[in-house]
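Chemist: As a plain string of letters, each chain reads:
6 protein chains.
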Amino acid sequence: MWIKKCWILVAILLLSLPIYGTGLRSLDDFPFSLGVKDSLMIAHSFHGHPSFGPAGGLHGATYTCDVDFLSKQLHPELNWVIDIGKALDILSKVLSRYNLKNLDEVFPDNTMTTTEFMCKQIHDDICRLLEDECKEFKGAVRVKLWESHKAWATYTGITSSDETRSEL
Amino acid sequence: MWIKKCWILVAILLLSLPIYGTGLRSLDDFPFSLGVKDSLMIAHSFHGHPSFGPAGGLHGATYTCDVDFLSKQLHPELNWVIDIGKALDILSKVLSRYNLKNLDEVFPDNTMTTTEFMCKQIHDDICRLLEDECKEFKGAVRVKLWESHKAWATYTGITSSDETRSEL
Amino acid sequence: MWIKKCWILVAILLLSLPIYGTGLRSLDDFPFSLGVKDSLMIAHSFHGHPSFGPAGGLHGATYTCDVDFLSKQLHPELNWVIDIGKALDILSKVLSRYNLKNLDEVFPDNTMTTTEFMCKQIHDDICRLLEDECKEFKGAVRVKLWESHKAWATYTGITSSDETRSEL
Amino acid sequence: MWIKKCWILVAILLLSLPIYGTGLRSLDDFPFSLGVKDSLMIAHSFHGHPSFGPAGGLHGATYTCDVDFLSKQLHPELNWVIDIGKALDILSKVLSRYNLKNLDEVFPDNTMTTTEFMCKQIHDDICRLLEDECKEFKGAVRVKLWESHKAWATYTGITSSDETRSEL
Amino acid sequence: MWIKKCWILVAILLLSLPIYGTGLRSLDDFPFSLGVKDSLMIAHSFHGHPSFGPAGGLHGATYTCDVDFLSKQLHPELNWVIDIGKALDILSKVLSRYNLKNLDEVFPDNTMTTTEFMCKQIHDDICRLLEDECKEFKGAVRVKLWESHKAWATYTGITSSDETRSEL
Amino acid sequence: MWIKKCWILVAILLLSLPIYGTGLRSLDDFPFSLGVKDSLMIAHSFHGHPSFGPAGGLHGATYTCDVDFLSKQLHPELNWVIDIGKALDILSKVLSRYNLKNLDEVFPDNTMTTTEFMCKQIHDDICRLLEDECKEFKGAVRVKLWESHKAWATYTGITSSDETRSEL
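Just so you know, the sequences run in chain order R, U, P, D, G and Y.
Per our numbering, the very first residue in the first sequence carries number 1460; after that it's consecutive.
Per our numbering, the very first residue in the second sequence carries number 1460; after that it's consecutive.
Per our numbering, the very first residue in the third sequence carries number 1460; after that it's consecutive.
Per our numbering, the very first residue in the fourth sequence carries number 1460; after that it's consecutive.
Per our numbering, the very first residue in the fifth sequence carries number 1460; after that it's consecutive.
Per our numbering, the very first residue in the sixth sequence carries number 1460; after that it's consecutive.
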């Protein structure tokens, strides 16, 4: 009888694990952040799509780019989320792919290069570069692009979640 | 015996559902946002309540209003969270209810129209207008009101959560 | 037989409680915030540690400090998250511990007083002062320190979580 | 003899007049200002000119545009420099000539549409519109264009100086 | 003959003096400045005057107030334009006359309390307080009031010009 | 007789020349500007001088540095005030002399390294570098240092005024 009950409790625990697990993926688990700012200047159009009105034609934007690196804890000795020099370097490398370019040429197939889309693009580029050049950083990355003094967009994602989970 | 165990596992799963379900309501589920800014100028008092000190009497404020529209994903074709023109239009409509008014007259019964209270008010107004004029937007809305260069308040809420859940 | 099943269901519920409980600790449970800004000017070094390059030597910083007080609901009568005068007073008291000081002397043992570290320090100081002077505030506190026009750090934590849980 | 001396004194005074006159044209004579902000998004290139490096090719910019209207005195009854609604309207009209356009097409002959150049252009457009739609404004206009979070340009000029002089 | 010529030259010089003198009153003569920021919250109306449209009725504003103290040279020992503590104290005293007040009551006779008007008012108040409490400051004062994220006004004036001239 | 009168008129004109000349040195003669931003982090004290109160001891600051380059006209072909890349490079070189340093060591003899003093210092350094590396720039330079979110200082001066005069 007790063995049976144990079996049931083990089943409950196993079923509960993914729930606890999702907890690990919440942004709440990354209470620390470091942020850096840079900017880029691009041309693009919305390919004449009527939903964008006069913005359908060729125009451009300065995107001021704020990137937050979120982490669970600080480096035990250096008390940092990430080396700020490395963070600025990674941001600069990523932005140089788009800076002073025409996004209509960078992204083929009439992609709508909205500020929201560019946030995700820059986010994903940063995450890939972090994996290559800054493996020790585990956490989340938030990208905010200001397109003017009164409009902006953001994208927030957790880096390499599988490794993150086991690491944490 | 196996039937009994199945019954128990079903019970566990049923009990777990709301937990998985709450996951859907987390702000973490809305990684994209678009934000727009506008402002309004109001008079109000705190009805002489002693807790507010000299702010109890009639005075006023410029609220600079930042609204973030958060969503799970981008529009599949247009790559936007929400049409920015629609977002600005909704914000402008909502702020016109309070702009250049005396909030002591807009809100009866000695309501304390703190910046926090106005955040929730503007949030709820925006959500109602979204339901009327922009049904395709599902997600969350964050309202930030700057009352001065050194003080602000925010309110964040998920729009029409029931629909959101089934939609997602 | 039914007694046994009941026992199992009770076990499931007991095991589920912490999961529901963690829900209470999410930042999503604090939709309201009030924020205030102040600044402090400090000297410090990174004790010549090579990882910090030229910042290893004695230099300094102005930290512009944004503090958000997050709460589940507004005060039922006053419609505030926290008395803004109290919030500014607590912030001022905490910053006076570090303002116009050399952090190399304030923190012994070659502590690396990064912006990230100072965020947590100021956060913890604010939480302790809240417990002493503003017991009625339950919620979370986010500290953001701007170290320049292009770099900042944050720390976010939930105050007195045990009490919070039972209170909520 | 005295007649001769008088003649000389008159000559001195006549010669001095333009000097006193130039005093009228100093920005110091316009102690009041009203300012408004708007923004525009443009594409342009520097026509592959090597002096501009990678900015020679097609790219774009958001210009946040601050315009100051400077005047000698306030309207005697209304206590304003200029009707702020009129100021915003004039700015909006002027910016619409360039907003969401490719400046390489707006300005022929390989004009270098630097931020400095656009400041002067917008300044001159505003002055012309003031003469048409707001004749009562006499004074100076300063245009500041932010091209990014870390770069800007300005142009300041006095409107319709001849009339200004006689008016003052 | 030479005596007559001398007499004429003296006349020329005397006539030229005021021209050299006006040079002393130019803002260009004050190359140094120190600036401080504070804010105030007021209610006011434009007394239903039709020129102000919907702003004619009772509403309010937060004015963020930037004050620049301009001087010809730095204090010879302390290398400052003005004691920053004194500057902040004077600004705070002046703003307290209007902060959390209804300007319709502070200024009688249906005065139009535009942002421009308030700039001059605060400027004059600061100059009077400087004469009382900080006699050693000679120079100019510029007051900038931000009424929203997209509108502001300024007033610039030279303090106690007679003394300034003889002093310089 | 007419020869005598001519002589007098020539004398008047000669005496008037410096007055016309001073006109050339007014900031009003530089209607164009280009501005760039950077920042530096320094430690310093005010050598325990009682006038500075608690700031007398060792502390530090982040100075956000805005530099405006003012000119009479744009480059005839390139339409710029100054090559923005050169401007940023000069600013960066100048700031590196102070960045991450203890100003008490950089400036001997108990110099009071106020924000005002540092503005003039950076201004003078920029002017010297302009003469070495960017001889074609003639005009004025304004340096603004933000020491916190609510305090700043500026210094404005005209570069190499003698050359400027003859050039203009």
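FYI, nobody ran anything at the bench for these hints, they're computed from the structure.
Hints may be right or wrong, so weigh each one.
[Stated by the list, open to error] Cross-link-like lysine to aspartate or glutamate pairs, in silico, EDC-like; alpha carbons within 20 Å at most:
1) P/K1531 <-> R/E1564
2) P/K1531 <-> U/D1563
3) R/K1531 <-> P/D1583
4) P/K1496 <-> P/E1536
5) P/K1560 <-> Y/D1525
6) R/K1531 <-> U/D1542
7) D/K1531 <-> Y/D1488
8) U/K1531 <-> R/D1487
9) G/K1496 <-> P/D1583
10) D/K1552 <-> D/D1542
11) R/K1496 <-> Y/D1563
12) R/K1609 <-> D/D1548
13) G/K1609 <-> U/E1564
14) Y/K1545 <-> Y/E1592
15) G/K1496 <-> Y/D1525
16) D/K1560 <-> R/D1525
17) Y/K1609 <-> G/D1548
18) G/K1496 <-> P/D1548
19) D/K1496 <-> U/D1497
20) G/K1609 <-> D/D1591
21) R/K1609 <-> U/D1542
22) P/K1552 <-> P/D1584
23) P/K1496 <-> G/D1568
24) R/K1609 <-> D/D1525
25) U/K1552 <-> U/E1536
26) Y/K1609 <-> P/D1497
27) U/K1496 <-> U/E1564
28) R/K1496 <-> Y/D1488
29) R/K1609 <-> U/E1564
30) Y/K1545 <-> R/D1542
31) P/K1560 <-> P/D1584
32) U/K1496 <-> R/E1564
33) P/K1552 <-> P/D1487
34) R/K1496 <-> P/D1525
35) U/K1496 <-> D/D1497
Chemist: So, for every hint listed, does it hold in this structure?
Modeler: Against the structure, the hints come out as follows:
For the hint linking P/K1531 to R/E1564, the alpha-carbon distance of about 48 Å lies beyond 20 Å, and the restraint is violated. The hinted pair formed by P/K1531 and U/D1563 fails the criterion: a straight-line CA distance of about 25 Å is larger than 20 Å. Of the pairs offered as hints, the one joining R/K1531 and P/D1583 holds, with about 16 Å between alpha carbons and a cut-off of 20 Å not exceeded. Distance hint between P/K1496 and P/E1536 is unfulfilled; the C-alpha atoms sit about 25 Å from each other, more than 20 Å.
Between the alpha carbons of P/K1560 and Y/D1525 the distance comes to roughly 27 Å, so the proposed pair goes past 20 Å and is violated. Distance check on the hinted pair: R/K1531 and U/D1542 sit about 35 Å apart at the alpha-carbon level, beyond 20 Å; violated. A distance of roughly 19 Å separates the Cα atoms of D/K1531 and Y/D1488; the hinted pair therefore holds under the 20 Å criterion. As the CA atoms of U/K1531 and R/D1487 are separated by approximately 18 Å, the hinted pair is consistent with the 20 Å bound.
For the hint pairing G/K1496 with P/D1583, the CA-to-CA distance comes to about 29 Å; that exceeds 20 Å, so the pair is violated. Our distance criterion of 20 Å between C-alpha atoms is met by D/K1552 and D/D1542, whose separation comes to about 15 Å. With a C-alpha separation of about 30 Å, the suggested pair R/K1496 and Y/D1563 falls outside the 20 Å cut-off, and the hint is violated. The straight-line distance between the Cα atoms of R/K1609 and D/D1548 is roughly 18 Å, inside the 20 Å bound, and the hint therefore holds.
With a C-alpha separation of about 27 Å, the suggested pairing of G/K1609 with U/E1564 is violated against the 20 Å cut-off. Among the hinted pairs, Y/K1545 with Y/E1592 is consistent with the structure: their alpha-carbon atoms are about 9 Å apart, no more than 20 Å. This hinted pair checks out: G/K1496 and Y/D1525 have alpha carbons roughly 17 Å apart, not beyond 20 Å. Our distance criterion of 20 Å between C-alpha atoms is broken by D/K1560 and R/D1525, whose separation comes to about 26 Å.
With a C-alpha separation of about 13 Å, the suggested pairing of Y/K1609 with G/D1548 holds against the 20 Å cut-off. A C-alpha spacing of about 19 Å is found between G/K1496 and P/D1548, which places the hinted pair at or below 20 Å, so the restraint holds. A threshold of 20 Å between alpha carbons decides the hint, and for D/K1496 with U/D1497 the separation of about 12 Å falls inside it, so the pair holds. For a cut-off of 20 Å, the pair hint linking G/K1609 to D/D1591 is broken: about 24 Å separates their Cα positions.
Of the pairs offered as hints, the one joining R/K1609 and U/D1542 holds, with about 15 Å between alpha carbons and a cut-off of 20 Å not exceeded. Of the supplied pair hints, the one linking P/K1552 and P/D1584 holds, its CA atoms being roughly 9 Å apart against a limit of 20 Å. For a cut-off of 20 Å, the pair hint linking P/K1496 to G/D1568 is broken: about 38 Å separates their Cα positions. Restraint check for R/K1609 and D/D1525: satisfied, since their Cα atoms lie roughly 13 Å apart, inside the 20 Å limit.
Annotation: proposed proximity of U/K1552 to U/E1536 is violated, straight-line Cα distance about 27 Å (limit 20 Å). The straight-line distance between the Cα atoms of Y/K1609 and P/D1497 is roughly 9 Å, inside the 20 Å bound, and the hint therefore holds. A threshold of 20 Å between alpha carbons decides the hint, and for U/K1496 with U/E1564 the separation of about 25 Å lies outside it, so the pair is violated. For the hint linking R/K1496 to Y/D1488, the alpha-carbon distance of about 35 Å lies beyond 20 Å, and the restraint is violated.
Restraint check for R/K1609 and U/E1564: the C-alpha separation of about 30 Å exceeds 20 Å, so the hint is violated. Simply put, Y/K1545 and R/D1542 have alpha-carbon atoms about 28 Å apart, too far for the 20 Å limit, and the pair is violated. The straight-line distance between the Cα atoms of P/K1560 and P/D1584 is roughly 17 Å, inside the 20 Å bound, and the hint therefore holds. With a C-alpha separation of about 31 Å, the suggested pair U/K1496 and R/E1564 falls outside the 20 Å cut-off, and the hint is violated.
Simply put, P/K1552 and P/D1487 have alpha-carbon atoms about 29 Å apart, too far for the 20 Å limit, and the pair is violated. Distance hint between R/K1496 and P/D1525 is fulfilled; the C-alpha atoms sit about 17 Å from each other, no more than 20 Å. At most 20 Å may separate the alpha-carbon atoms for a hinted pair to count; U/K1496 and D/D1497 meet this at roughly 12 Å.
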